[in-house]
Amino acid sequence: MAAETALTRTPPVPTGESGAGGRVRRTGTLTPYLFLLPYAVVFCTFVLAPAVYGLWISLHDWDYLLPGKPFVGLDNYKALFDSNSAVYSFWWESLSATGIFTVLSVPLLLAVPLMLALLLNRSFKGRTLFRAIYFAPYVLGVAVIGVLWRFLLDPNLGVVNAVLGAIGLPGDTPWTTALPWGWVTLVGVTVWWTLGFNAVIYLAGLQDIPRELYEAARIDGGGKWAEFRHVTLPGLRPVLLFVTVNTVLVSANMFGQSYLITQGAPGTETRTAIMYIAQVGLSDYKMGSAAAMSYLLTACLLVISLIVFRLFREKDA
Amino acid sequence: MRRVKPVAWYTVLIGLSLIFVAPLVWMLLTAFKTPGEATRVPPTVLPEEPTMGAIDTLLGNSQTPVLRWFVNSLLAATGQAVLVLAIASMAAYALARLEFRFKKLIFGMIIATLFVPSFVLIIPNFLIVDRFGMLDTLWALIIPGAAGAFGVFFLRQFFLSLPRELEEAAVLEGANSWQIFTKVVLPLSKPALATLAVISFLTNWNDFIWPVYVLFSPDQFTLQPGLAILQGAYTINYPVIMAGALVASIPVLLLFIVAQRYVIEGVSRSGLKG
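In the order they appear, the protein sequences are chains A and B.
With numbering that gives the first Met the number 0 as the guide, the letters of the first sequence map in order to residues 0 to 316.
With numbering that gives the first Met the number 0 as the guide, the letters of the second sequence map in order to residues 0 to 273.
Next comes chain A alone, as it looks inside the complex (with noise of 0.2 Å):
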């Protein structure tokens, strides 16, 4: 290792209170760069340089298989606004998509996982299997999850219809290429999707509130509900407020369902914004465009993730 040799060896520094959580051994001054370098490298490479150098694409009119990128200033943000221009409708419709997905999926994604996690937080056999088993569908990627459903939900020949046909219901849904059964579908297979995530995330946070507040509860007399409202809640807030930014960010995210399910369909409808930027940014290789767009939806996204964190802050006075 190359290392090795910038690793000087110097004699422990003894302390009074050792084992105190912020207590640090003395080292060579290289040693912990050394250390922190090859991630560094990657990190700055792929995480650091991207976030300005996105910022510095957009501020040009960035055609990929251009030689010429000449410098625009805030034209690709202005567009975004100007109702003349060729990106307007398109853009404001995939963000409204992205909105609708958003707006219909979080309370969803929210509420289900938690029930869930009440559920399993007894004591019984099988819970283990039980919990693996309603995690299991986050096991696999977007893509099996999209043809997988693609197929199910086929309006003339997916067995979701066939099945609800045969018992009585209309069995003509066009699940996949109208609305608003396209965001039904789209919503609603996210949410069988994911939703053992976020319920695992709860389930570890459950487990972290102290047996003996419940207890104190029913001395109280308070019923199951009282409970919830004066121990559960509380004792989950920091949990919830992470899994409420978490799931924003991840449903403002979503591309993958709608690429392979509705395909945008009816029209473009439910092309949501990352479809919208990556069609613009890596199939047109409008690339100064589409980086405007991500840097504004990073901005929404900021936006509605202080706003959150301001919620909940505020529960606590």
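No lab work stands behind these hints: they were computed from the structure.
Some clues are possibly wrong.
What follows is a list of derived Cβ distance ranges for each label pair [stated by the list, open to error]:
hint: 1; chain 1: A; residue 1: 165; chain 2: B; residue 2: 13; range: 21 to 27 Å
hint: 2; chain 1: A; residue 1: 102; chain 2: B; residue 2: 253; range: 35 to 41 Å
hint: 3; chain 1: A; residue 1: 164; chain 2: B; residue 2: 35; range: 51 to 57 Å
hint: 4; chain 1: A; residue 1: 65; chain 2: B; residue 2: 156; range: 43 to 49 Å
hint: 5; chain 1: A; residue 1: 165; chain 2: B; residue 2: 111; range: 29 to 35 Å
hint: 6; chain 1: A; residue 1: 207; chain 2: B; residue 2: 51; range: 45 to 51 Å
hint: 7; chain 1: B; residue 1: 15; chain 2: A; residue 2: 311; range: 27 to 33 Å
hint: 8; chain 1: B; residue 1: 138; chain 2: A; residue 2: 206; range: 36 to 42 Å
So, partial list: chain A residues that the calculated Cβ filter (under 8 Å) puts toward chain B [as the list claims (entries may be wrong)]:
hint: 9; residue: 32
hint: 10; residue: 44
hint: 11; residue: 290
Stretches of chain A that chain B covers, calculated by requiring three or more beta carbons in the stretch to come under 8 Å of a beta carbon on chain B [what the hints assert, rightly or not]:
hint: 12; stretch: 48 to 55
hint: 13; stretch: 77 to 87
hint: 14; stretch: 141 to 150
hint: 15; stretch: 158 to 168
hint: 16; stretch: 226 to 235
hint: 17; stretch: 253 to 261
hint: 18; stretch: 272 to 280
Ideal Cβ placement from N, Cα and C applies to all residues, glycine included.
Based on the hints, put chain B in the right spot on chain A.
Frame of chain A, contents of chain B only:
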């Protein structure tokens, strides 16, 4: 805990299980049906005449080299897991145990990127990967994704929880930081390393949008973008598409069954201190 009637209780649990398992079983069964039977109304559950036809079609088409995709997926996911373990564990050790300037700032910066939506990096990263000549190669799938902050964050938490006594004893014996890291800290961290390896593998195996746009030639594809190609090529020949989905599912489902504890552990941890 309140007593529940076992029969009612397990009926609910098993009913719920069906919702999650039935679609996956349907995928499995369809892969062994003929195209006609797969879309018959009313549907048949078990294949009436089980056939390897779909699988033969899938493997026999040189336009869609599924076995090649399988190997590519395996290489990319394994490669990234190994890379993440190596670089994240070193960085996490420095952040957990060593003292240096701007440590808090550096850690804060890494953590902040957990909340940067990944799509914002896609376009600039496409150009960066292009500049390194990695477009349309597996390197594009292995290296950039290893920059994620989760591994560093996760291992740092774990290292902080290790008792210091063993490390202190090693210091007394004259070990340097590298020796302490490789001979004391890493062996103690096997469960955490296993968890991170499994999570990294799964994440990479399942990634979709990035490989769709950075890979172009059929030979370079992995299974996930490959499934989109199969869907386009076989449209309503569903047994072939389901056979492809099966190939993409089996390794991760097996890994999940074997390493369930690690997967669940990794996911639980991601929420606690987020």
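Hint check results:
Between residue 165 of chain A and residue 13 of chain B the Cβ separation comes to about 22 Å, which falls inside the hinted range of 21 to 27 Å. In this structure the hint that residue 102 of chain A and residue 253 of chain B lie 35 to 41 Å apart at CB holds, the actual value being about 37 Å. Checked against the hint of 51 to 57 Å, the C-beta distance between residue 164 of chain A and residue 35 of chain B comes to roughly 19 Å, which is inconsistent with it. One distance hint, 43 to 49 Å for the beta-carbon pair residue 65 of chain A and residue 156 of chain B, holds here, with the actual separation near 47 Å.
A hinted range of 29 to 35 Å is violated for the C-beta pair residue 165 of chain A and residue 111 of chain B, which are about 53 Å apart. Between residue 207 of chain A and residue 51 of chain B, the C-beta spacing of about 50 Å keeps the proposed range 45 to 51 Å intact. With their beta carbons about 30 Å apart, residue 15 of chain B and residue 311 of chain A fall inside the hinted range of 27 to 33 Å. In this structure, residue 138 of chain B and residue 206 of chain A meet the distance hint of 36 to 42 Å, their C-beta atoms being roughly 41 Å apart.
Given hint, residue 32 of chain A at the interface with chain B, holds; its Cβ is 7 Å from that chain's nearest Cβ, closer than 8 Å. Of the supplied interface hints, the one on residue 44 of chain A holds, with its beta-carbon coming within about 7 Å of a beta-carbon of chain B, less than 8 Å. A least Cβ separation of about 5 Å between residue 290 of chain A and chain B falls short of the 8 Å threshold, and the interface hint therefore holds. Counting residues of the stretch 48 to 55 of chain A whose beta carbon lies closer than 8 Å to any beta carbon of chain B gives 5, which reaches the threshold of three, so the coverage claim holds.
Given as covered by chain B, the stretch 77 to 87 of chain A fails the check, having 0 residues with a CB less than 8 Å from a CB of that chain where 3 are the minimum. Counting residues of the stretch 141 to 150 of chain A whose beta carbon lies closer than 8 Å to any beta carbon of chain B gives 9, which reaches the threshold of three, so the coverage claim holds. Proximity of the stretch 158 to 168 of chain A to chain B, defined as three or more residues with a beta carbon under 8 Å from a beta carbon of that chain, is established by the 5 residues found. Interface restraint, the stretch 226 to 235 of chain A with chain B: violated (0 residues with C-beta to C-beta distance below 8 Å; minimum three).
Given a C-beta distance limit of less than 8 Å, the hint that chain B covers the stretch 253 to 261 of chain A holds, as 4 residues qualify and 3 suffice. A stretch counts as covered by a chain when three or more of its residues have a beta carbon under 8 Å from one of that chain; for the stretch 272 to 280 of chain A and chain B the count is 4, and the coverage holds.
Checked against the numbered hints given earlier, this structure breaks hints 3, 5, 13 and 16; the rest are met.
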